[in-house]
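> Dock chain P against chain A, hints included.
Each protein sequence line maps, in turn, to chains A and P. Number 461 marks the last residue of the first sequence (the working numbering); no jumps. Number 461 marks the last residue of the second sequence (the working numbering); no jumps.
Calculated from the structure, these hints are not laboratory results. All values derive from a computational prediction rather than experimental measurement. Do not rely on the hints blindly, as some may be mistaken.
[Stated by the list, open to error] Quick list of in silico lysine-lysine cross-link-like pairs, PhoX-like style, CA-CA up to 25 Å:
| no. | chain 1 | residue 1 | chain 2 | residue 2 |
| --- | --- | --- | --- | --- |
| 1 | P | Lys-248 | P | Lys-294 |
| 2 | P | Lys-177 | A | Lys-395 |
| 3 | P | Lys-172 | A | Lys-378 |
| 4 | P | Lys-294 | A | Lys-399 |
| 5 | A | Lys-388 | P | Lys-378 |
[Unchecked claim] Some chain A residues well away from chain P (every beta-carbon gap over 10 Å; in silico):
| no. | residue |
| --- | --- |
| 6 | Glu-223 |
| 7 | Leu-326 |
| 8 | Thr-372 |
Cβ atoms here follow ideal geometry from the backbone N, Cα and C, with glycine treated the same way.
Letter by letter, the chains look like this.
Number of protein chains: 2
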Amino acid sequence: MRENIKIVVDAMGGDFAPEVPVQGAMDALRENTGITVVLVGRTDEIKKELEKYTYDEKRVEIVHADEVIGFDEPPVMAVRKKKNSSIVVGMNLVKHGEADAFVSAGSTGAILVGGQMIVGRIKGVERAPLAPLIPTANGPALLIDCGANVDARASHLVQFARMGSIYMKDVVGIENPKVAIVNIGAEEEKGNQLVKETYPLLKECGDINFTGSIEARDIPKGDADVIVCEAFVGNVILKLYEGLAATLLSKVKQGLMSTFRSKIGALLIKPALKNTMKEFNTDDHGGAPLLGLKGLVVKTHGSSDAHDVQMGILQCVQFTEQKINEKIKDKLTVEE
Amino acid sequence: MRENIKIVVDAMGGDFAPEVPVQGAMDALRENTGITVVLVGRTDEIKKELEKYTYDEKRVEIVHADEVIGFDEPPVMAVRKKKNSSIVVGMNLVKHGEADAFVSAGSTGAILVGGQMIVGRIKGVERAPLAPLIPTANGPALLIDCGANVDARASHLVQFARMGSIYMKDVVGIENPKVAIVNIGAEEEKGNQLVKETYPLLKECGDINFTGSIEARDIPKGDADVIVCEAFVGNVILKLYEGLAATLLSKVKQGLMSTFRSKIGALLIKPALKNTMKEFNTDDHGGAPLLGLKGLVVKTHGSSDAHDVQMGILQCVQFTEQKINEKIKDKLTVEE
Chain A
126 MRENIKIVVD
136 AMGGDFAPEV
146 PVQGAMDALR
156 ENTGITVVLV
166 GRTDEIKKEL
176 EKYTYDEKRV
186 EIVHADEVIG
196 FDEPPVMAVR
206 KKKNSSIVVG
216 MNLVKHGEAD
226 AFVSAGSTGA
236 ILVGGQMIVG
246 RIKGVERAPL
256 APLIPTANGP
266 ALLIDCGANV
276 DARASHLVQF
286 ARMGSIYMKD
296 VVGIENPKVA
306 IVNIGAEEEK
316 GNQLVKETYP
326 LLKECGDINF
336 TGSIEARDIP
346 KGDADVIVCE
356 AFVGNVILKL
366 YEGLAATLLS
376 KVKQGLMSTF
386 RSKIGALLIK
396 PALKNTMKEF
406 NTDDHGGAPL
416 LGLKGLVVKT
426 HGSSDAHDVQ
436 MGILQCVQFT
446 EQKINEKIKD
456 KLTVEE
Chain P
126 MRENIKIVVD
136 AMGGDFAPEV
146 PVQGAMDALR
156 ENTGITVVLV
166 GRTDEIKKEL
176 EKYTYDEKRV
186 EIVHADEVIG
196 FDEPPVMAVR
206 KKKNSSIVVG
216 MNLVKHGEAD
226 AFVSAGSTGA
236 ILVGGQMIVG
246 RIKGVERAPL
256 APLIPTANGP
266 ALLIDCGANV
276 DARASHLVQF
286 ARMGSIYMKD
296 VVGIENPKVA
306 IVNIGAEEEK
316 GNQLVKETYP
326 LLKECGDINF
336 TGSIEARDIP
346 KGDADVIVCE
356 AFVGNVILKL
366 YEGLAATLLS
376 KVKQGLMSTF
386 RSKIGALLIK
396 PALKNTMKEF
406 NTDDHGGAPL
416 LGLKGLVVKT
426 HGSSDAHDVQ
436 MGILQCVQFT
446 EQKINEKIKD
456 KLTVEE
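Just chain A, same shape as in the assembly:
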């Protein structure tokens, strides 16, 4: 294990900043004693939050950044103009080797743009996909790409498949991960133009275990370990997962409260049900890495709570130790 991994936390990112990112950072410091955190953002606001905690001052740095990029700002413009925003300042620390990773619950678009413009893509990588793990009946699967990289080309999807395969093998530890492309039927001739172009290219890839098309209904069953799609479709899958699980659970709860008999039953099943549902919580797998960059960038949910931020930070530690981007660099370069 590497000593003293340094993680930059965007103290201004997410719906509940700076309170939640600072709390998440404090929790991560307690959980893993081998790390240092750099809180980037408005110094006065960060200091005010830090007053709530007792912590080892040697393990917490503050780097001042005066500006904040909002969720509704056009990302390219925002990253270019707001040189002193927490996202730009934080990513520059990673770029210049002053920290190992950057984690943020801020604007997905700005993180994607910043990741590619500031940290930079590994040579040969055409696009950096955002790749969260989603729960399935068979354990987590990697959904790649869910970012704002819309209107992708076939060559992008092929790289996503290869990077996703490296991730599932080296980070999650699945031997020979099954790679499938999201499609509207199982047959090779089905699909839109993009899928029809990508399918034969994936079949030719010698370094992945391509199993063909996957229909959306089979994703939750866990039929594939790496689920390849362009970002618009990936975003729909990720968000429908969250929304449908939440709505179904609230329906189940309503049902449980509907009769006297069911209320008694609800008390008895509560602990068992809670464990089951925990397995199927999309948030519990922490943040999503931007794969294929020269440095480590992890995005957590905009509505992240302190636990999510903590998970995102600890995930960065895992990624740093497992050298995920270095492995992508080595393996993608060998093949090309």
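For chain P alone, coordinates are given in the frame of chain A:
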């Protein structure tokens, strides 16, 4: 109410043909005494199934069709070549005014192609979308398009929005239905090329209540009545709905059986939970109509059981009575 509505049932369509379509037809005859069914397919196989039932022979016709179009056949070729298939023969009955509607659990692609090539689109309609109702916390919403019409243009999506709005008002009875376009963010400038082109066109539509973008996570909440998207995305949404609901329910059941305490609780909550889950069953809303055709075509799930087929037939009766395609014709023509 119209007397003696005549519905053509594809006796060879679906995973369990001819047993299930014949049984569904028999159930529909019992449920609604004002209808006649035409079973189209291989006469000997249909007769053998019919032997299982007691029914009014005046209300059941058999029209022979020797061929069957399989799920894996390229649809355009299949519809062109298999002139004597149950789908082609059945659709021709509707085209020539010999029946009011055609319902099939067969190949979605062949039904889509046949609907457009044989029954034909209403003048001015560029594409006939497949539009199923999906369950939400606010009641059913129309997901338009889920067919095999991939790679749609902005003008198609605008027509889908208008047809969907007419459907929700006139068939489902929702005044001023909320129409939204599936997107990866709430802001107007978000989305892929197709969404960015379609959004301003929808804003200009005077005859629909366009409420902007809907993120996939808000679909199950019921934030929109008409959910507009191109077919690839619609298909992913529809199938993920099915798959995720099924996987979550089986997880809940596993959880309930995990401890002695939870098993007792499970017995107490069973009736209440069953009712709740019924509301969220994607299959329970019957089939999906192909909107914008000169005649009525309804597609039910490939794995339909007799209840689904029965629901599809009764839905055809409702559509016929409500003259859905005539209303689309009148209203779309007025505007253009």
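> So, for every hint listed, does it hold in this structure?
Hint check results:
1. Distance hint between P/Lys-248 and P/Lys-294 is fulfilled; the C-alpha atoms sit about 22 Å from each other, no more than 25 Å.
2. Of the pairs offered as hints, the one joining P/Lys-177 and A/Lys-395 is violated, with about 47 Å between alpha carbons and a cut-off of 25 Å exceeded.
3. Proximity of P/Lys-172 to A/Lys-378 is assessed by CA-CA distance (about 48 Å); at most 25 Å being required, the pair is judged violated.
4. Proposed proximity of P/Lys-294 and A/Lys-399 is contradicted: the alpha carbons are some 40 Å apart, above 25 Å.
5. Of the supplied pair hints, the one linking A/Lys-388 and P/Lys-378 holds, its CA atoms being roughly 17 Å apart against a limit of 25 Å.
6. Residue-level check passed: A/Glu-223 sits 32 Å from the nearest beta carbon of chain P, beyond 10 Å.
7. Distance check for A/Leu-326 against chain P: the nearest CB is about 18 Å away, which clears 10 Å, and the non-interface claim stands.
8. Non-interface status of A/Thr-372 relative to chain P is broken: a Cβ of that chain comes within 10 Å, the nearest being about 4 Å off.
In the structure shown, a violation is registered for the earlier hints numbered 2, 3, 4, 8, in ascending order.
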